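A.B. asks: We have chain A already, so just place chain B on it with the hints.
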Amino acid sequence: MSVDAGERGERGEREVPPIPRMPFRRYVQQFAMLMALGLIIIITSTLSPNFFTTANILNVARQIALTAILGAGMTVIIISGGIDLSVGGVLALGSAVIANTLIATGNIWLAVLAGIATGALVGLGNGIIIAKLKIQPFIVTLAAMTITRGVVLIYTNAVPISLLKYPDFAFFGQGYVGPIPFPIILMVFSYLLTFLLMRKTKFGRYVFAIGGNETATRIAGVPVDRYKILIYVFSGALVGLTAVMFTSRLLSGSPTIGVGFELTAITMVILGGTSFVGGQGTVWGTLVGAAILGVLANAMNLLNVSAFFQDLSTGVVILIAVIIDKLLRQERV
Amino acid sequence: MGGNEARDSGRHVARRSYRPILGVWANCLFGVCASKPYSANLFAPLCSRLVVSFRQKGTFLFGCSDIDRVSFLLVQKVQALNPTYSLVPVPGPPLTADRKQPALSESIMSIYLPQTDLQQTETPPGFVLEMQNISKSFAGVVAVDQVNLSLRAGECLALIGENGAGKSTLMKILSGVYQKDGGRILVRGVEANITDTRSAHKLGIAIIHQEFNLVEYLTVADNIFLGRESTHSGLLLNHSRAASAAQQVLDKLGAPINARKMIFEITTGEKQLVEIARALSQDASVLVMDEPTASLTKKEIDILFHIIRTLKAQGVGIIYISHRLEEIYDIADRVCVLRNGRNAGETSGKAPIAEIVEMMLGREIGEKFHKQEVPVGETILEVRDLSAGAMLRNINLSVKQGEIVGVFGIAGAGQRELALALFGLHKLLSGQILVNGKPARINSPADAIRNKLGLLTENRKIDGLLLELSILHNITLSYLEGKGAAPAGYISDRKEKAFARSFFDKLSVRASSIQQQVKHLSGGNQQKVVLARALSTRPDVIILNEPTRGVDVGAKVEIYDLMSQMVSEGKGLILISSELPEVLGMSDRVLVMYRGSMVAEIPRSEATQQLLLTYAMGGNLVPGNI
Numbered sequence: 021m022s023v024d025a026g027e028r029g030e031r032g033e034r035e036v037p038p039i040p041r042m043p044f045r046r047y048v049q050q051f052a053m054l055m056a057l058g059l060i061i062i063i064t065s066t067l068s069p070n071f072f073t074t075a076n077i078l079n080v081a082r083q084i085a086l087t088a089i090l091g092a093g094m095t096v097i098i099i100s101g102g103i104d105l106s107v108g109g110v111l112a113l114g115s116a117v118i119a120n121t122l123i124a125t126g127n128i129w130l131a132v133l134a135g136i137a138t139g140a141l142v143g144l145g146n147g148i149i150i151a152k153l154k155i156q157p158f159i160v161t162l163a164a165m166t167i168t169r170g171v172v173l174i175y176t177n178a179v180p181i182s183l184l185k186y187p188d189f190a191f192f193g194q195g196y197v198g199p200i201p202f203p204i205i206l207m208v209f210s211y212l213l214t215f216l217l218m219r220k221t222k223f224g225r226y227v228f229a230i231g232g233n234e235t236a237t238r239i240a241g242v243p244v245d246r247y248k249i250l251i252y253v254f255s256g257a258l259v260g261l262t263a264v265m266f267t268s269r270l271l272s273g274s275p276t277i278g279v280g281f282e283l284t285a286i287t288m289v290i291l292g293g294t295s296f297v298g299g300q301g302t303v304w305g306t307l308v309g310a311a312i313l314g315v316l317a318n319a320m321n322l323l324n325v326s327a328f329f330q331d332l333s334t335g336v337v338i339l340i341a342v343i344i345d346k347l348l349r350q351e352r353v
Numbered sequence: 171m172g173g174n175e176a177r178d179s180g181r182h183v184a185r186r187s188y189r190p191i192l193g194v195w196a197n198c199l200f201g202v203c204a205s206k207p208y209s210a211n212l213f214a215p216l217c218s219r220l221v222v223s224f225r226q227k228g229t230f231l232f233g234c235s236d237i238d239r240v241s242f243l244l245v246q247k248v249q250a251l252n253p254t255y256s257l258v259p260v261p262g263p264p265l266t267a268d269r270k271q272p273a274l275s276e277s278i279m280s281i282y283l284p285q286t287d288l289q290q291t292e293t294p295p296g297f298v299l300e301m302q303n304i305s306k307s308f309a310g311v312v313a314v315d316q317v318n319l320s321l322r323a324g325e326c327l328a329l330i331g332e333n334g335a336g337k338s339t340l341m342k343i344l345s346g347v348y349q350k351d352g353g354r355i356l357v358r359g360v361e362a363n364i365t366d367t368r369s370a371h372k373l374g375i376a377i378i379h380q381e382f383n384l385v386e387y388l389t390v391a392d393n394i395f396l397g398r399e400s401t402h403s404g405l406l407l408n409h410s411r412a413a414s415a416a417q418q419v420l421d422k423l424g425a426p427i428n429a430r431k432m433i434f435e436i437t438t439g440e441k442q443l444v445e446i447a448r449a450l451s452q453d454a455s456v457l458v459m460d461e462p463t464a465s466l467t468k469k470e471i472d473i474l475f476h477i478i479r480t481l482k483a484q485g486v487g488i489i490y491i492s493h494r495l496e497e498i499y500d501i502a503d504r505v506c507v508l509r510n511g512r513n514a515g516e517t518s519g520k521a522p523i524a525e526i527v528e529m530m531l532g533r534e535i536g537e538k539f540h541k542q543e544v545p546v547g548e549t550i551l552e553v554r555d556l557s558a559g560a561m562l563r564n565i566n567l568s569v570k571q572g573e574i575v576g577v578f579g580i581a582g583a584g585q586r587e588l589a590l591a592l593f594g595l596h597k598l599l600s601g602q603i604l605v606n607g608k609p610a611r612i613n614s615p616a617d618a619i620r621n622k623l624g625l626l627t628e629n630r631k632i633d634g635l636l637l638e639l640s641i642l643h644n645i646t647l648s649y650l651e652g653k654g655a656a657p658a659g660y661i662s663d664r665k666e667k668a669f670a671r672s673f674f675d676k677l678s679v680r681a682s683s684i685q686q687q688v689k690h691l692s693g694g695n696q697q698k699v700v701l702a703r704a705l706s707t708r709p710d711v712i713i714l715n716e717p718t719r720g721v722d723v724g725a726k727v728e729i730y731d732l733m734s735q736m737v738s739e740g741k742g743l744i745l746i747s748s749e750l751p752e753v754l755g756m757s758d759r760v761l762v763m764y765r766g767s768m769v770a771e772i773p774r775s776e777a778t779q780q781l782l783l784t785y786a787m788g789g790n791l792v793p794g795n796i
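Top line first, the protein sequences correspond to chains A and B.
First residue of the first sequence: 21, per this note's numbering; consecutive thereafter.
First residue of the second sequence: 171, per this note's numbering; consecutive thereafter.
Think of the hints as simulated: they come from the structure by calculation, not from any bench.
Quick caveat, the model's predicted, so the values are computed rather than measured.
Ideal placement from N, C-alpha and C gives every residue a C-beta, glycine not left out.
Treat the hints loosely; a few may be bogus.
To be verified - Partner residues aside, some chain A positions facing chain B, computed with beta carbon under 10 Å:
#, residue
1, Arg219
2, Thr235
3, Val242
4, Arg269
Claimed, not checked - With a cut-off of at most 20 Å between alpha-carbon atoms, the simulated EDC-like pairs for lysine to aspartate or glutamate come out as follows:
#, chain 1, residue 1, chain 2, residue 2
5, B, Lys541, B, Glu749
6, B, Lys689, A, Glu234
7, A, Lys152, B, Asp617
8, A, Lys346, B, Glu638
9, B, Lys631, A, Glu234
10, A, Lys220, B, Glu651
11, B, Lys597, A, Asp245
12, A, Lys154, A, Glu234
13, A, Lys220, B, Asp663
14, A, Lys220, B, Glu638
15, A, Lys220, B, Glu666
16, B, Lys597, A, Glu234
To be verified - Not close to chain A: a few residues of chain B, all C-beta gaps over 10 Å, as computed:
#, residue
17, Arg358
18, Thr367
19, Asn383
20, Arg479
21, Lys520
22, Val544
23, Glu552
24, Gly559
25, Gly654
26, Val769
This is chain A alone, in the form it adopts within the complex:
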């Protein structure tokens, strides 16, 4: 065995460092999804004149904004080598907590805070179990998904909590700043925040490091467990923020919303080219992924495609996307 290690090592030795060229294929790979998005937009706009209207564009953007924030948090988790399946459940729980807080206190900001805190707390629980007990994130968050769903049903008796008495609260999901729907602003804010965290802070660096090589990161003296927990808290907080938008948009605490949202979020991340193995990925890619999903849904609505076919075609698009991605990556290895 040792022989091989030696041989391989020696074979790789060249005193001249390889000149790094960004291969054309890498450009294609990086911008493949953006090009796909462009393609979908072009095709749709030729088929349907209604697509390129301001109203429709803003509508699509708002649709995207509502779920895209989930994708930002999920990107961070997946880059760190984890996964979070509890997103949908936490969303519903958050929504119920927001509604009840609002009714109890009448204070909009307290309600917002309660929503974000709910998400962060569930994330904290997930993170602690994942990091300290070293249980696979898939299993932990699967349990959390079921638990949060159960809790919210017990908590609300499965009855939506109407917030019609608090029209001010509608701003987060329905309001506008100038011509721009407020959710879009929140989405841009969340993505910028995530981007800065990933690029400019220790937290982000360690997310990449943990996903790339957890052992090496630990040996380098990084408190890996603490950062793993923080990752889930951060993502949970973003889920809480999404819960605020949904609750505000529906103007009711809805215990059944968010079913399957974890999968939507994961889909965005995959479409965005983030490696499922961890250690690689970008939030902007996820945003593009979210846009593809949103535009695709909108296009099919405009073109009167039946709902059944919508699911089918979304699935096909995902499959084609990951196959192309795989083929583009394969040759480099």
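C.D. replies: The following block gives chain B in isolation, referenced to the frame of chain A:
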């Protein structure tokens, strides 16, 4: 096997509580022995000495030295079941004198037939395997050059050589993992064409690797017959037949394992036996064992050796790769030594240690090392009686300023564990670590770094590098945790880059830019990046685990120069290495590790290759040496 009925009834009886009634007892003795030899300890209180074993063809041999106490009735009972069975007194190891029921593992040992009995089986003449002029090179690097190796049936051949001598390559050629470039292989006198692992299997060649090839969540029986499952008319799996067939194989081997246990339920030693059983169930006539005792306890080794002797008696040829001279002395008939991919010589298994070590080393002249004389200062790090994990026992070690302490050992002697334990990654069972004379609490790498320790890990790709990230980010990974590096978590690109740049330049990492991904760097430059990270926390003591592994000669010299530079700055180094010239060339003192303990401390002036290697192979434990 003849006595299925008897075996079943015996099992039945054995399951009930034991009663000292002779009739039942005899029955029980037979049945138990037939199914599970170790159950013989049931009779330990009755017979002061009891030896049970069995030979080929399923005939059993019972022995009881205290034959008077075993009534004639017993003989009658046994012979009534099968007239070919006989009771013979055999001298065996004594059971515990105080008649306490011995512990299970002890009783396993106590039922062994003495070696003399097994050696009566004649070694069939002729070679079961001949490898002639085997050559193999990888991308122009010769790994194995014109090597000859032959193996008789019933023989145990020890294959030894330093790391990289070509043992593994040779065995991979034999097992069909690699294709030979030249030479030929004869199996039982017929030229064999081994194209893949499957064809090797068909020829009766089985290899047991250090890492077991077993499925954790299947039973022992399922593992033994993996890929050859017995079924009910080809459809459904026949678990009971598999289990009984597997049990037969295990029993024939004398391996005290229940075939219905899951792999994760059994010990490492037992897993080894399951691997052997699997090989035998495929009618292997050549069995290669790659460091089989590396993770076994003393008792498990005894069981393994007994089984090896049984296999030899059954005519199986065994190639035994090991670095432990005491074992070779114990088990091997012949020793074949490889060096630098060539045959270095052959000798008897009982040859003097010096002869074997001489062959391994040859007459090479070591590389030149530019070791600078540096004044040695205060003790910075001291380790007292440290035991940790399953491996490390009573380690003592100290490092002074300006000193390079070499730790030499054959791969797997516990060096890696030592490095990890000092860095808070192995829980300490006992002992103390003192930094600058004060006891230090090191429970995590962060603690170790705080105590001014630095670690260069053994395998840069597995526990060193973040391959996807840039050189810059790899270097600064530890630095970011330091005070003032990233206030409020915010990383200043400019400051970070300047910091990394200083190490990048100091270690002269050759890359097009500091932003380059480390995975595109050569081994030597990758190593410098990991070293840069270890230095970035400004440690006083640096543990270097195999610092030059997989690194070209130029980079090696640079790393040695860096080491000299570090000690001249007053740092202390622990150089863990399995490369003799490196340890001898760079160290002020050498500690030798063997099976998780330090077995010798040798000052630079007295250290020779022969001495170090002899200690590292446990040569001092072989009677009549050193």
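A.B. asks: Look at each hint and say if it fits the structure.
C.D. replies: For each hint, the structure was consulted:
no.	hint	verdict
1	Arg219	9 Å, holds
2	Thr235	4 Å, holds
3	Val242	6 Å, holds
4	Arg269	33 Å, violated
5	B/Lys541 to B/Glu749	16 Å, holds
6	B/Lys689 to A/Glu234	16 Å, holds
7	A/Lys152 to B/Asp617	18 Å, holds
8	A/Lys346 to B/Glu638	17 Å, holds
9	B/Lys631 to A/Glu234	12 Å, holds
10	A/Lys220 to B/Glu651	15 Å, holds
11	B/Lys597 to A/Asp245	17 Å, holds
12	A/Lys154 to A/Glu234	12 Å, holds
13	A/Lys220 to B/Asp663	8 Å, holds
14	A/Lys220 to B/Glu638	18 Å, holds
15	A/Lys220 to B/Glu666	11 Å, holds
16	B/Lys597 to A/Glu234	19 Å, holds
17	Arg358	28 Å, holds
18	Thr367	16 Å, holds
19	Asn383	14 Å, holds
20	Arg479	27 Å, holds
21	Lys520	27 Å, holds
22	Val544	27 Å, holds
23	Glu552	22 Å, holds
24	Gly559	16 Å, holds
25	Gly654	12 Å, holds
26	Val769	22 Å, holds
Hint compliance for this structure: hint 4 alone is broken.
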